[in-house]
Amino acid sequence: MSGDPFAAPRAAGGRAPDVMRPGGWLEMREHADTDEVDFVVVGTGAGGGPLITGLAEAGFSVIGFDAGPYFRPLEDFASDETEQNKLYWNDNRIVDGANPLTMGGKNSGKAVGGSTVHFAMVSLRFRPEWFKSRSALGYGADWPLDWRDMWGWYAKAERALSISGPTRYPWGPKRPDYPYRAHEINGAGDLLARGCEAMGIDWTPTPLATVSAPHGKSPPCVYRGFCRFGCSTNAKQSQLVAFIPRAIKAGAEVRDLAMVGRIETDRTGRATGVHYIREGRWRFQRAKNVVVAGYAIETPRLLLASANAQHPGGLANSSGLVGKNLMVQSNQAVFGVMEDEVRWYKGPPSLTITEHWNYDDKKNFHGGYCWMAQGPLPIEWVGIQTSARGLWGQALRDEMEKYNHQVGLKMVGEMLPNEANRVTLDDETDQYGLKVARITYGWGENDKAMIAHALDQMQTSLELVGAKELFRQTDDTNHLRRQDQRGQFGLSQLGHPQPLDLRRFDLPHHGWGESLTDDHGRRHADRPPDRQPSRQGRALAPWPGEL
Amino acid sequence: MSPRYPGYEVEAKRDTPSWNEATRLAVDKRLAVPREPRFFTTDEWITLEAICDRIMPQPGDRPKVPLPAYVDQKLADNVQDGYRYAVLPPQGEAWRRGLRALDDAAHGVFGGPFRTLLPERQDEILRRAQAGALEGEAWAGMPSKAFFEHRLVPDITHAYYATPTAWNEIGFGGPASPRGYVRMALNRRDPWEAVEAKPDHEAKARQANSRVR
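If you're matching them up, the sequences are chains A and B in order.
Position 11, counted from 1, in the first sequence is what my numbering calls 11; the numbers after and before it change by one each time, with no gaps.
Position 3, counted from 1, in the second sequence is what my numbering calls 1003; the numbers after and before it change by one each time, with no gaps.
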């Protein structure tokens, strides 16, 4: 073992952990706080990881800040649900609204590599029409870019992450072969497939970011089933494994255990750097550009907390939209009991998927959903039994004993934006003395109609494979919409300073890859991302062809 | 009732390729939980013990998983969940207030402290909390339903299913790094997975489980 990753920063003294070798180190370029670096990127997860890699490979000086530790998966990761709570953002947040979100856990991440360290690896593409959802489908907002542009980026991201997937994808325009073959399907995945076939709809092995054959120092997936608690073999292509080492080799610095509390701006409103706390001491890092890649909660929290005379409503917020229109997935599920032994703890949890209702518009609501095979581990499972069914006592024990015979289907649905669903600053403070986020959420009528539709469809599928004792999980935690489960994968989120969940609605106002050095607001409204003024351009410039 | 996975011991795999060093350390530490209260008073601890026995009753033929100890540890070490319902106070305060209020309810309804009530009466108090039917000064505005659903039940049940004892009962494979699994299909079992007893074949399953490594 190599010590406690929380005790002191590991990326220090001119070196950072080499996550692919026990005890190994990589040489790392370091900057003084007084160096005015080209870029500070706040967050090293799905957005920040590739961004610092691209910036470093293009020759910019860049520091990636992360509030979490720098794990060595081969040494630090246990096969244990409770122990792996260390991967999550466990600091306090307040949740309220008609349908409060369950935060923490897998709806969060605090580590170098962010929540990709424990994500379920599901790596989908958007349906092309979603880029023009307002004009093509009549809801939401159009993106300022074309799906054909994204198709190329998806392919690059799929190669960079060695995605394993099927040779023929049943929905949407033709896509290239996935770099790695699809994984073997487990019992839970097989039951999804049988249900779909009985219903006459398509299914497919799920494209996953865990390798099905060796890749570099990553061994093929061994199907241990703890994917969402951190991969201890490095088969999973998280940012920690796939991009961060590349970024460091290209000259990026990563600062672990470094919580950014405020972005500083000068008299003209330009960002000059970030105030951050590391090893108990507040410091200031100078930078020419600051990019916030902290996901749906921490990004608006930081932008709002950085309010000052030039930016009274927070940074990048002339539109007043920062923190608003928070969107999550609807993750309701149906579970049942099979006569077969399913043993759904084996393998990645969602080895099969149907996107049928993402592509079929004959519905009485807007948006779409898919459903996926499930494989909850015991603590997750008792959480479902107690929250969805209100069980405790002997009744709970009796149900838990059926664990190896359980099967389930869980929707991943698109919820529509609502300004009342939002992130604000609460008066409570965290261990850094920073105001915590208050997260307010309630479902809309469209969301409820979609959930009802999906529950009926999933229940039919389970009935058709002979599952008994069906019950519905209607109160699911409702995950922040994320790249792995909704096709917002890879480059679609690079460098975007807004919460990802606002992207489809904020993009027209703030532009793509905007750094926080200015706040032109609506002036950028109709400009495609690659025509943005220099700073935006520079944020994205490293990308084409570099991935 | 005979166990569904007789003789299955997930800890028999401790020194096999299914458990890496990080896992062994984590589980050892969990099993060495301090058995004395650090957060709760002795009085609160006794009430908590009575509640744990109803939320997660345990068979009498083996040592109990020390559930009050795990709840106490979570609060003493302030292991947070990453969020808090706006209607609930911080976890330690919620627990203290909740225990006092459940005891108050026990006095009010059945005329005695929770710990001394018959199990079915204890269940009745807990059912009322779950339904949100308990109110009064002791709750100080904390909804009994939210406390029951989001604090009391999760803290107790999550602790239970974090233990090898619970994994044995439900036939969970347990830790699996780096060995993982090979036989993925329905009704297939790797030799290092639990064997389920078929009716009247408990001895056979017990024998097979004794070979699980």
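In short, the hints are calculated from the structure, not lab data.
Hints are supplied without guarantee of correctness; some may be wrong.
Straight line, CA to CA, 25 Å or less: simulated DSS-like cross-link-like pairs of lysine-lysine [unchecked claim]:
1. 1204/B <-> 1145/B
2. 86/A <-> 1074/B
3. 106/A <-> 1029/B
If you want the footprint, here are the derived chain B segments under chain A, 3+ residues with CB under 8 Å [said to hold, decoys possible]:
4. 1014-1022
5. 1170-1179
Even glycine gets a Cβ: it sits at the ideal position worked out from N, Cα and C.
Structure-based check of all given hints:
1. 1204/B <-> 1145/B: Since the Cα atoms of residue 1204/B and residue 1145/B sit roughly 45 Å apart, the hinted pair is violated (cutoff 25 Å).
2. 86/A <-> 1074/B: holds, 14 Å
3. 106/A <-> 1029/B: holds, 23 Å
4. 1014-1022: The restraint on the region 1014-1022 of chain B holds, since 5 of its residues have a Cβ under 8 Å from chain A and three suffice.
5. 1170-1179: holds (count 10)
Hint 1 from the earlier list is the only one contradicted by this structure; the remaining hints agree with it.
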